[in-house]
Amino acid sequence: MLTIIAAAAENNALGKDNDLVWHLPDDFRRFKKLTSGHHILMGRKTFESFPQPLPDRTHVVITRRDDYKKPGIVVVHSLERAVELSNEDPQPFIIGGGEIYEMAMDVADRIELTRVHGKFEADTFFPEIDENKWKLVREEFHEKDEKHKYAFTYLTYERK
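In UniProt numbering, the protein residues as written are 1 to 160.
Honestly, I wouldn't trust all of these hints.
What the hints assert, rightly or not - Simulated restraints, written as ranges between beta carbons of each label pair:
# : residue 1 : residue 2 : range
1 : R138      : S36       : 16 to 24 Å
2 : P90       : E121      : 31 to 39 Å
3 : E99       : E158      : 17 to 25 Å
4 : K144      : K69       : 38 to 46 Å
5 : K160      : R65       : 31 to 39 Å
6 : E139      : K69       : 20 to 28 Å
7 : R159      : K33       : 16 to 24 Å
Don't read these hints as lab results, they were simulated from the structure.
C-beta: ideal position from N, C-alpha, C; glycine also.
Take these sequences, add in the hints, and give me the full structure.
Shown next, in the form of structure tokens:
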């Protein structure tokens, strides 16, 4: 089961200048809970946006750069290769960025999307979800509060 996991605004904004444009602690906790113990597949820029590799996860970084190496991570040059290397994991996650999400829409089985209620200026966007290919199977709304400046909804889609 290959799952895309992302947080995107109502205008599909993901981030700007290689960073998120909101801070949602509950979403970070959910991301950690879902992805811990699994392979996380990502583009190089997404990986480089982390201060350090995320604990208890196998990092598979997709890059066009032949000379790219970082200790403790697996480097590949295609999404197909990243998926192959994650075959022993029953639940690998694709965690970004925009280009990788776009490619993954054709091969993923599930999307775990946190829809942030607002529109944001961004330079990276999540692809449109084609309702002819994806079925919404679960949603859970969260109001904004003292820890969350924006309301958000957890949405789970499965391939039809």
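key: Range agreement (Cβ of E158 with Cβ of E99, hint 17 to 25 Å)   = For E158 against E99, whose Cβ atoms are near 23 Å apart, the range 17 to 25 Å holds.
ask   = If you check the beta carbons of E139 and K69, does the distance land in 20 to 28 Å?
value = About 41 Å separates the Cβ atoms of E139 and K69, which means 20 to 28 Å is violated.
ask   = For the pair R138 and S36, does the Cβ-Cβ distance stay inside 16 to 24 Å?
value = 20 Å, holds
request  = Determine whether the Cβ-Cβ distance between K160 and R65 falls within the hinted range of 31 to 39 Å.
outcome  = For R65 against K160, whose Cβ atoms are near 36 Å apart, the range 31 to 39 Å holds.
key: Distance restraint hint 31 to 39 Å, applied to the beta-carbon atoms of P90 and E121   = 38 Å, holds
query = Given a hinted range of 38 to 46 Å, is it respected by the beta-carbon distance of K144 and K69?
reply = 42 Å, holds
task = Hint says 16 to 24 Å; check whether the CB-CB distance for R159 and K33 agrees.
result = For R159 and K33 the Cβ distance comes to about 23 Å; the hint holds.
In the structure shown, a violation is registered for the earlier hint numbered 6 alone.
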